[in-house]
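Read top to bottom, the protein sequences are chains A and B.
Going by our numbering, the first sequence opens with residue 1, and the numbers climb by one from there.
Going by our numbering, the second sequence opens with residue 1001, and the numbers climb by one from there.
Derived from the structure by calculation, the hints contain no laboratory data.
Because the structure is a prediction, the values reported are computed rather than measured.
Hints are not guaranteed to be accurate.
[Said to hold, decoys possible] Once the Cα atoms are required to be at most 25 Å apart in a straight line, the calculated DSS-like pairs of lysine-lysine come out as:
1. B:Lys1369 x B:Lys1411
2. B:Lys1369 x A:Lys207
3. B:Lys1369 x B:Lys1355
4. A:Lys49 x A:Lys174
5. A:Lys49 x A:Lys15
6. B:Lys1369 x A:Lys174
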Amino acid sequence: MTTGRLTVLVVEDEKLIRRFLRSALEEEGCTVCEADGVGRGLTEAGACKPALVVLDLGLPDGDGVDFIHNFRAWSEAPILVLSARSNEQDKVRALDAGADDYLTKPFGVGELRARARALLRRHGRHGDAVDPVVEFGSVRVDLSQRSVLRNGEPVHLTPIEYRLLRVLLANSGKVMTQRHLLREVWGGDRVEHSPYLRVYVGHLRQKLEEDPTQPTYLLTETGVGYRFQPPVAALESS
Amino acid sequence: MGTVQHGDRDIQGWQGIALAVAACAAVTLLCLPLANLLAPANIVMLFLLTVLLVAVRLGLSAALVAAFLSVALFDFFFVPPRFSFEVSDGQYLVTFAVMLVVAVVTSTLAANLRRNALASALEARRARALYEMARELSGALTMAQVAEITRVFLRNVMNAEGDVLLHDTQAGFRSCAENAPPSLRIEPALALIAFERGEPVRCNPLAGSGSAALYLPLKAPMRMRGVIAVAPLENSAAELTDMQAQQERLGTMASLVAIAIERVHYVEVAQRSQVDIVSERLRSSILSALSHDLRTPLTALVGLADSLVEYRPPLAMPARETAMAIRDQSEYLAGLVTNLLDMARLHAGKVTLRKEWQPIDEVIGSSIKLLGRALAGHAVRVRRGGDLPLVEFDAVLIERVLCNLLENAAKYSPPDQDIGIEVALQDDCLAVSVVDRGPGFPGEAGDSIFEMFVRGEHESTRAGVGLGLAICRAIVEAHGGSIRAMNRPEGGGCVSFSLPLGTPPALDEEPTGLEEAS
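Taking the hints into account, I'd like the entire structure generated from these sequences.
Rendered as structure tokens:
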């Protein structure tokens, strides 16, 4: 897909899980290096300079979040976190520490490959100019023109709604924690603003989604935050 | 603590009078041989001294008897003509009169003095007893100890039977002694009056009935804690009067007991929460270890089976189908494990809710998205009333409720039939209903389908252990809501749960018309 083979670091203590992660990522055309703990993971990361890290949060020799902090100190490469379903707080901590996305165990190979592909692509085009025009459903947003059209008709957004939409679009596909969005849109991560966040996401859905109760693009990651899910066609074409 | 109440008072009465008579007789006998040596004035002095001593030792009535007797004896034995009550010299009449007045006045004064001394000694002993009680109460560690100390104090110092009754808003009064005095009869209505008014209530029970005559409220700094019921041991009027006189002291005792009870109460609360914290921590660490240990092999199983399905070049069809079956069954098993662990978590202790104010739409959309393939092609129609307020709930848990309900609905709906979610305001709560066009619920099942491991009749052939609805109920009830299942008249089942509305935080409206800023 991209030039040359990209390296993916898998940090996971369970050997069998590493095995299918490796085969799935190799299917994607990546070179895989493995580590079974935080310590080994950091050493390997320094050695193989990965373009993506797949990280299990429950490691025997330490907290996966420590790995993220350490890794983020010197690398911008995306991190995909693996976590159990009931641990929303862990996911939020990992995302706030700098992880980019998460997968809930157990997960299918197809899902893993899709997430890995999206992260690699987003990271790969980092240097290029970001396309200011984003299209999803019947909506067309031009970030350079600050215009939002739905079926060709301009949609009126309040400044906060627009700011929120812009942050979500700029991080297309990435899970944004509540804290992150509050900081970006309102400034300061004041938790008492979180009802505002939910209300404004609701407004955006009313204005931009076909069925606001079953959104396709502006998705809730329950207990964690929100995500703009780009349309499949856009993924394929880029 | 010795018995303080009785003692010296018993010497009074006939015994005291007899002693007084004996004393007077002794003085007479002593003076008879000396009658010629002593002047009559000195003999009078000796009699007066006797009366004084009798008054000091034996009290007023004995002293009065001694006073009159002394005058009579002096007249009879020592005033000429001797051995007769006749008086030859009229001057002796003055002597008699003065002697009688002095004897009566001194005996009255001395007896008063003695009574006061006795009373203050009694007071001092009671005060000391109260002090000792306070000291013992400060060392009490349990309610039973407090009750025992109170009973001992009442019995020894107040000569009364008593019991400490603690008040509980649910259970009413209960004795906190380990073995309540069987003879004590308590009138709950009077105890309640004392408790509610915060003032002592007195009554005059039938003598010998053993009923409590006095109810003292236990007013502690934080709140009213209960009542002390007191009954005099010998049910005489004198004891009752005494008890009324002692009311102030009893009041002091009650406030000491109240403070002790409050202290013991908070000690118990602190200990309990300490134990709760420790066991909660243990439980959650066991559960998360269990969860990790169960999920890790399941994750490997799902992932490995799925990589067989996706294998390039593709496997032969039978092998690929087998791999798909392994994957699906593993995913199903993972779902069951999640349900079991959730149930264990919900049942193990207090559910900690991460409540936030949010629109219900959030979790409706996300649960439909989350179920995805498990909805098996059933479309979900959402019908919501216009303007719904924010509701305070734990999004992860309510999403779980919706997922379980939708999954059930999908399982029982005929293929290609829609599933409906209806949201409406009902009085003071938000009602969310999941409706399907399946066979509905068996008529008599009622609430029992929300019990653990209970399943509808016609589902023995379908997968599931009947945990889903039990989890839903535990979560909804933790939110202060309710859940119920019913059959719709037009066919199909409906499970409806409610969340209390409360008062959402006021959100400032964003100023509009700022298009130029965006």
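Here is what the structure says about each hint:
1. Between lysine 1369 (chain B) and lysine 1411 (chain B), the direct Cα distance comes to roughly 17 Å. Compliance with the 25 Å bound is thereby established for this hinted pair.
2. A threshold of 25 Å between alpha carbons decides the hint, and for lysine 1369 (chain B) with lysine 207 (chain A) the separation of about 20 Å falls inside it, so the pair holds.
3. A threshold of 25 Å between alpha carbons decides the hint, and for lysine 1369 (chain B) with lysine 1355 (chain B) the separation of about 22 Å falls inside it, so the pair holds.
4. Under the criterion of a C-alpha separation no larger than 25 Å, the hint pairing lysine 49 (chain A) with lysine 174 (chain A) is consistent with the structure, at around 22 Å.
5. Between the alpha carbons of lysine 49 (chain A) and lysine 15 (chain A) the distance comes to roughly 22 Å, so the proposed pair stays at or under 25 Å and holds.
6. Taken as a hint, the lysine 1369 (chain B) and lysine 174 (chain A) pair is honoured in the structure, with Cα atoms around 17 Å apart against an allowance of 25 Å.
Checked against the numbered hints listed earlier, the structure breaks none of them; every hint is satisfied.
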